[in-house]
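Note that the protein sequences, when read in sequence, are chains A and B.
Start counting the first sequence at 7; every next residue gets the next number (my numbering).
Start counting the second sequence at 11; every next residue gets the next number (my numbering).
Hints were generated in silico from the structure; no laboratory data involved.
Please note that the accuracy of each hint is not assured.
Simulated DEER-style distance windows between Cβ atoms [what the hints assert, rightly or not]:
1. A/S193 / B/M223: 37 to 45 Å
2. B/R99 / A/T78: 29 to 37 Å
3. B/V164 / A/F138: 48 to 56 Å
4. B/M223 / A/A111: 33 to 41 Å
5. B/E191 / A/A225: 34 to 42 Å
6. A/F138 / B/M48: 52 to 60 Å
7. A/L226 / B/L242: 48 to 56 Å
8. B/A17 / A/R82: 48 to 56 Å
All C-beta atoms, glycine included, are put in the ideal place defined by N, C-alpha and C.
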Amino acid sequence: MIDRPAQRRALLWSAITAVLMVVSLFGIFFVAPTDGDQGIIQKIFYFHVADAMAALIIFAVAAVSAILYLRTRKERYDEITTVSIGVGLVYSILVVITGSIWAKASWGTYWVWNDPRLVTFLILLLLYASYFVLRSSVEGERRLRYSAIFALIAFASVPLSFYSVRVARSFVHPVVITNSGANMPTSMLVWFLVSMAAFLALFVAVLQFELVQMRVGKALQKLKLQLEGD
Amino acid sequence: MRAQPHAGRQLVALLRKDLRLELRTREILIAMLLFATMLMLLFQFGIGERAQDLETPDGLPAQVTDITPFIGGILWATIALTAVLGVGRAWVPEREQRVLDAILVAPVSRSLLMSAKAISLYVHLLVLELVIVPVAILFFVRGIGPVQVGAVVVVCLLASLCIAVLGSLMACLSLYARAREALLPVLFLPPLVPVVIAASGATHAATQGTIDMQEYRGYCLFLAIYALVFCLVAYATYDHVFDD
Chain A
7 MIDRPAQRRA
17 LLWSAITAVL
27 MVVSLFGIFF
37 VAPTDGDQGI
47 IQKIFYFHVA
57 DAMAALIIFA
67 VAAVSAILYL
77 RTRKERYDEI
87 TTVSIGVGLV
97 YSILVVITGS
107 IWAKASWGTY
117 WVWNDPRLVT
127 FLILLLLYAS
137 YFVLRSSVEG
147 ERRLRYSAIF
157 ALIAFASVPL
167 SFYSVRVARS
177 FVHPVVITNS
187 GANMPTSMLV
197 WFLVSMAAFL
207 ALFVAVLQFE
217 LVQMRVGKAL
227 QKLKLQLEGD
Chain B
11 MRAQPHAGRQ
21 LVALLRKDLR
31 LELRTREILI
41 AMLLFATMLM
51 LLFQFGIGER
61 AQDLETPDGL
71 PAQVTDITPF
81 IGGILWATIA
91 LTAVLGVGRA
101 WVPEREQRVL
111 DAILVAPVSR
121 SLLMSAKAIS
131 LYVHLLVLEL
141 VIVPVAILFF
151 VRGIGPVQVG
161 AVVVVCLLAS
171 LCIAVLGSLM
181 ACLSLYARAR
191 EALLPVLFLP
201 PLVPVVIAAS
211 GATHAATQGT
221 IDMQEYRGYC
231 LFLAIYALVF
241 CLVAYATYDH
251 VFDD
C-alpha cells in the first residue's frame, strides 16, 4: 500500500530543501551586499521576489498539469494541479505579507494601491482561492474536469497581471527582471536564485508528500469499503 | 438522411433561440437594467455625497454633484456586478426545461454551443450599456462631447467582449455546482478585476475634458489582449465543458 520509492523521493527533496534554505539564509544575511539606500530591510527582497517568482512557476506547473488532465483524464494530473495550486496559494499569501512589510519600511504604509504587482498578487490570491470553492461545490468526474478548466482560466490571468504593470504605468515598484535581463548586481542575483531554488525545492518536497498521502488515503478508503463489503 | 446544417447556420439558430427567449420573457434584461440603475444610485449616495470633500485643481471646493473623476469606476463596477446576474441566468432556462439534454444529444459542436452563449451574453451586455452609459453620463459627467462618447463606446465594445467570453465559461462551470448562486460571483469576479481596472481607466481617460490618448490606447490594447487570451482559452476548453 505504501509506495516506498515515492516516500524516498519525498525525503530526498526534503533534505535538498533544508540544505538550500540554510545556504540561502547564510548567503542572504552574511555574504550578499547590504543595499546602500534601504539597508537591512532590502534583505526581504530575497524572500519577497523569489517567493513571487516561485509562486508563478508553480501556477504554471498547475496549468500544464491541468492541460495534461484534460488530454489524458488521468487522476494523477488532477492531484498535481490541486497540490500545486494549494502551495502556490500559500506562497502568494507570503508574497502579499512580505510585500506589505517591505512597503511599510520603504513607503511608510502597509499597502499601496498604485502598485499593480502587489495588487495583482492579491487578485491572484482571490482567484486561486476560488479554485477550492469550485472544487468543493462540484461532484464526481466533473469536479476534476471543471477544476482543470478553472486552473487554465486562472493561469491566463497571470501574464495579464504582468502586462497590467506596464499599462498602469506605475513607477512605485522596482522592476527586478527586465527585457534585458536581471536588474541587480551578480552578488545579489546569485543569492536571489538560491533563495528561489529553495522555494521551488520546498514545493517539490510538499508535492511528493501530498501525492504519497493522497495515494495512501485512496488505498485506505478502498480497503475500508472492502472490509465493509465483507 | 438529411445533411448536417452548416456551422454558421447552427450558430445563428442557437443564437436566435436565446434572443427570442429573452425577447419573449424579458426576465434577464429588465432585471439587469433595474439592478444596474439601483447600483449607480447607491454609488451616488455612497461616493457622490463625499465629493464635497474634494477640491478642484485651483484649490476650490468641487461641486457636490460633480463626480466626473469617478465615472469610470462607478460605471464598470456597476456593469461587472450586473453581469453576474446575466451570467448566472445564462444556462438556467435550458437546465430548468431540460432543453440542455436535447441540445447536447443534437449533432452540434460544443464550441458552437458555447460561442452562441457568449454572443448572446455580449448582446445582452451591449443592450444594457445602451441604456446605462447615457444614464451614467447624464447623471455623473460634466462637459462631454461626441468624440468622448465615441471613445466610451469603443471601451464598451471591448470590455463587454471580455466579460461575455469569460462569463460564458464561468456560467458552465457553476451550472452543476451546489449553491450555484453563491459560487458564480466568487468564480467570475476575480478574473474580471483586470477588465474593470482597464475599462475604468480607459473611460476615465476619455471623459476628463480632452482624451489622454496614450493612457486610453494602453488600456484599450490591454482589453483587446485580454479578450484575445480568453477567446483562446475558451476555444481550447469549450469542448471539455460538456464532455459528459
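Hints, one by one, checked against the model:
1. Distance hint for A/S193 and B/M223: a CB-CB separation of about 43 Å, consistent with the stated range 37 to 45 Å.
2. Checked against the hint of 29 to 37 Å, the pair B/R99 and A/T78 passes, with Cβ atoms roughly 35 Å apart.
3. About 37 Å separates the C-beta atoms of B/V164 and A/F138, a value inconsistent with the hinted range of 48 to 56 Å.
4. Under the hint 33 to 41 Å, the C-beta atoms of B/M223 and A/A111, about 38 Å apart, fit the expected range.
5. Range check, B/E191 to A/A225: Cβ separation about 38 Å, and the 34 to 42 Å hint holds.
6. Look at A/F138 against B/M48: about 32 Å separates their beta carbons, and that is not inside 52 to 60 Å.
7. For A/L226 paired with B/L242, a C-beta distance near 41 Å fails the hint of 48 to 56 Å.
8. Evaluation of the 48 to 56 Å hint for B/A17 and A/R82 yields a failure: the beta carbon distance comes to about 36 Å.
Consistency with the previously given hints fails for numbers 3, 6, 7 and 8, ordered from lowest to highest.
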